[in-house]
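Peer 1: Letter by letter, the chains look like this.
Number of protein chains: 2
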Amino acid sequence: MKPYPKEKNLDNHSKRGADLEKEINLSNTYYRDLDIALIYKKPTPVQVVRVDYESRNKAKITEAYYRTPSTTDYNGIYRGKYIDFEVKDTKNKTNFPLQMVHDHQIKHLEKVEQHGGIGFFIIRFSYHGQTFLVDAPTLIQKIKSTNKYAIPYEWFLEHGNLIQEGLYPRLQYLKVVDAIYFKEDS
Amino acid sequence: MKPYPKEKNLDNHSKRGADLEKEINLSNTYYRDLDIALIYKKPTPVQVVRVDYESRNKAKITEAYYRTPSTTDYNGIYRGKYIDFEVKDTKNKTNFPLQMVHDHQIKHLEKVEQHGGIGFFIIRFSYHGQTFLVDAPTLIQKIKSTNKYAIPYEWFLEHGNLIQEGLYPRLQYLKVVDAIYFKEDS
Ligand SMILES: [Mg+2]
Ligand SMILES: [Mg+2]
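Going down the list, the protein sequences come from chains A and B.
So the first sequence is numbered by UniProt numbering: it starts at 1 and just counts up by one.
So the second sequence is numbered by UniProt numbering: it starts at 1 and just counts up by one.
Hints listed in this document are in silico derivations from the structure and should not be mistaken for laboratory results.
All values reported here derive from a predicted model rather than from experimental measurement.
All copies of an identical chain are treated as equivalent in the list; a pair is satisfied when it fits inside any one copy or across any two copies.
No farther apart than 30 Å at their CA atoms in a straight line, the calculated lysine-lysine pairs in the DSS-like style are these: (1) Lys-42 with Lys-107; (2) Lys-58 with Lys-91; (3) Lys-91 with Lys-148; (4) Lys-93 with Lys-142.
Take the sequences, apply the hints, and build the full model.
Peer 2: Structure follows, in structure tokens:
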């Protein structure tokens, strides 16, 4: 087995990762309905080139292109704090490939920390059926200090925080946020 | 002159308001470049129905529709606080027509306040060449207590906060945020 197998269709807006995002969206709906947190997926930015106005109220976009987002997947507010995170899903068994993390995401999450917000990654190793929450500054420091193209799965067992799964919410990631970022209060 | 003239193309994704948004986007770029605040326009949500993959890296969307956003125009972080606001631009000389404010925007901004964030409206009366920042709870209370279809321009002179315009940033709206929400610190 090759040490750092390439992920296919990395930036091809494929469906990969769609399940994880769906679970996070459902969890966010639950958190919003119970007034626990106000967190939304940022829409994928689309550059619209041509629109047909068939009827006054239903404009049909007939030519458009995906644009590279400048930021991350999710943001919002929880317990009075600004929350911002990026979601990644890998099928890789032994490593998290660093090509999955883009420069603009690192820069954005660094700025979130700088401005006093809470920034993290939610990373799923689907082979292991495990989803980790990792503090952004911690992962970014690791990314900057490694000379490899990937971070071993074991690193996440040690430095990541396993997110419990359930029915409501599907991914109880705010429990982990409580434990890491609101230690004093809980 | 009719008391509450209707705005044309209200939800038709017209270009109206585009100038104001452009000025706010430029101001946000300035604030980000100087590490003053991290505030972005939320992309307009689009439901993609069909995509042509002509080449591996440039997917062309050939059928898509605008969706109604669930939230507001902008959010981000400033001085450690979550910031969220909606932008409106009216040509109306004497009134701000309430049909411009949607239910989901009111509900969202109420939740922002409830969770400890800072929520407001930026409203431009283009006839007067004036742009006001109005605290969301204040405007929402006014909307809920009036039985009219509009709020008089005079109300904004009294309860709104005029945003100074300049070169950099174009709209100095964070000065107003400082004055209203960070009184003690300045
Ligand atoms: Mg992602
Ligand atoms: Mg608007």
